[in-house]
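Each chain, letter by letter, is given below.
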Amino acid sequence: MAYITGPDVVKYACTCGLLKPISQLYFCRYCCQLRCGFCVCHEVDSHFCGKCCENLPSSEARLKKNRCGNCYVCPSCQQELSTRIGSKGPSNPDDPKSTPKKMYYLSCLYCRWSSRDVGIPDQSAATGGWPDRENVHANRLQEIIDMYKAVVLAEKQQKEKDKKKQRGKYLSYTDRTGVTAASLRKRIGLPADIQHSLLKTKPKEPEPVIPKEEVEDLPEDIFTKLVKLMEVTTIEQRLLQTDVQPITVDMLFPIHKQLSIKRSLRCRSCEHNVSKPEYNPNSVKFKIQLFAYYHIPEIRIVTVEPLRAGRASELIVKFTNPTQHQTTIAFLPLDSVAEEAVGEEASFNQQEASFDAIKQSASLTSLSSQPSSLLSLSSRQPSITIKPRAIVQEVTADVAIPASKVILPPRDDAAEYDDSGDTHNIQDDPKLVVWRRSNKAFVKLLVTPRENLPINTEVIIGFTMQHVYTNTIATTVENKEPDKHDHNIKVFLTIGNLVGSD
Amino acid sequence: ALVCEESKLRGDVTIGSGTIIHPSATILAEAGPIIIGDCCLIEEQVKIIHRLPFDQQDKENTPVLIIGSHNVFEVDCHVESPKIGNNNVFESKCFVGNKVTVTNGCTVGAGCKITQEQILKENVVVYGEKCYMREGLDRPGLQTLQMETLAKMLPNYHHIRKANKKN
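From first to last, the protein sequence lines stand for chains A and B.
Using this note's numbering, you'd call the opening residue of the first sequence number 1375 and step up by one each time.
Using this note's numbering, you'd call the opening residue of the second sequence number 3 and step up by one each time.
Keep in mind that the hints were calculated from the coordinates and are not lab data.
Hints may be right or wrong, so weigh each one.
Partial selection, computed: residues in chain A whose CB lies under 8 angstroms from chain B [as the list claims (entries may be wrong)]:
no.	residue
1	C1451
2	Y1484
3	R1486
4	D1491
Pairs of lysine-lysine, DSS-like flavour, derived with a Cα cap of 27 angstroms [stated by the list, open to error]:
no.	chain 1	residue 1	chain 2	residue 2
5	A	K1586	A	K1560
6	B	K123	A	K1602
7	A	K1599	B	K123
8	B	K123	B	K95
9	B	K123	A	K1425
10	B	K115	A	K1602
11	B	K85	B	K115
12	A	K1779	A	K1818
13	A	K1602	B	K101
14	B	K132	A	K1602
15	A	K1631	B	K132
16	A	K1602	B	K85
If you're wondering where the values come from, they're calculated on a predicted model, not measured in any experiment.
Here a beta-carbon is modelled for each residue, glycine too, at the ideal position from N, C-alpha and C.
Build the full structure now, drawing on both the sequences and the hints.
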């Protein structure tokens, strides 16, 4: 099916100005707007291991450096390692009658690497017995990390102290009477300065590193010795294990498998979830699934006549209504709806600077939306609503906008079992609607590529599709009918290359 | 040897004892005779073709394609190599061209296409889309259990060709 939805032939314009195929768009029911991957907040929902399908709480994941404790990955091809039963020797060497003991070793099915290649002895336990290699620099790294943590803590305390000092406008009560805290402490016999309790235990400062200028000379036969390519690790293999970075193949140890995440998406302007997966790692379903494919009519190209510059060609397009409500499709020219200036909220001082940057780059494409997206990820404050941007897409052909509308009945899952046939009785303009079945309709459009275009230019057409969207959010008790309103979407189709010219 | 009736053998093909040839395997001895060793496993859709390369047509001595013993040719592999040793594994859908010489204990991974003129070292494993090579410790394991099961089950479901022994 990827060949139908795969190539980006039909693209919808998201509110941020990007063009995306329908499979990559989401539809926020509360704002009634299309959202793409850049207009939503990506949040980590849960961590899990792809192989053992086990969920890990995020704190434990951080402790284990986002790696699974039980599963290993082949160091030479990064595929999963499976545990196999190896040689069986008697469990008790003295008693030859005892049952043979099973020894396990790790083996990769893809490149046939095994833990025996590196010299790791076979384990007697099926899981969890594999030795972890100690990092040679572990102590030094820990010292440096501790030092930096102390520095961060000290800075934090300094800030708090400064804040307190600012607030304290009043002198101590005893100043006027001449009995200050310092003099009192002197009288009693305690030291004059109060030492901060947290600063008492300062961690040991790591020894400074001594720089060296001498470098070992290269061995003399470095240019003449034959390189055994099969014994040297590739850079990818080396960098997978950054603590050791082995040069030769026999130092490659199995690596713990990295955890994957489940991601939930949230609309930036209304903070409602657009997509929320299930917690179970084995399940591919969603708790909340507001994909555009299920709410917006899908457009697919059926056929197109060979395109010639200046001449009108027929284009047949298929509309599918995925919702449970009837919808009416009307066509409008591309620039019919004035882009509404969405309200701008600059709520915090920190975000104002970035907001100015966004204003200046309002005409650029999506790359500039990334700084604001990163900010919202970190702060989780009500996001800035960005002005919809101009769509950067050149249209190379004109479409004759039909005047009549197309009615699409609701999607009926039981229709294929129903032999009574379509009883919708919809009166269609025969020039517009060529064929119809349940919730689908073929629509004929006339496309005229612009004159003076060279042969083999891509022909791109655009129009605004207006469909009636029925809001399915729970309505109030008084108003039992769900409210319908028109929803405009700009669509761009890449229909092919110019074959000839007039 | 157990040769199924539905397999396609053309030309002068000598098959060792204990070898199992599945149906729809193709062995074409166009440019010369093919000699297959003992206890080989040739699965479905395998193509073992002895073809002369373009630049060596019309030579006087007929070359022989020699395959050693205990080799495994998995489903849909295409082998044209003129000399194959023992204990090799040719995984599914691999292609070994006629300029490659395969020694002992090699594993050619699934989907790998080897065409360049070379001699594969012993116990080498070729894997991946780009045909990465690594040297294995040991030759790949024998498939004795599967071959025993096949020797019992195949005659129940397929017609077996009768051997014509040359005396």
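Hint check:
no., hint, verdict
1, C1451, "7 angstroms, holds"
2, Y1484, "6 angstroms, holds"
3, R1486, "5 angstroms, holds"
4, D1491, "5 angstroms, holds"
5, A:K1586 <-> A:K1560, "51 angstroms, violated"
6, B:K123 <-> A:K1602, "12 angstroms, holds"
7, A:K1599 <-> B:K123, "20 angstroms, holds"
8, B:K123 <-> B:K95, "21 angstroms, holds"
9, B:K123 <-> A:K1425, "34 angstroms, violated"
10, B:K115 <-> A:K1602, "23 angstroms, holds"
11, B:K85 <-> B:K115, "17 angstroms, holds"
12, A:K1779 <-> A:K1818, "12 angstroms, holds"
13, A:K1602 <-> B:K101, "23 angstroms, holds"
14, B:K132 <-> A:K1602, "19 angstroms, holds"
15, A:K1631 <-> B:K132, "24 angstroms, holds"
16, A:K1602 <-> B:K85, "25 angstroms, holds"
The structure fails to meet hints 5 and 9 from the earlier list, while all remaining hints are met.
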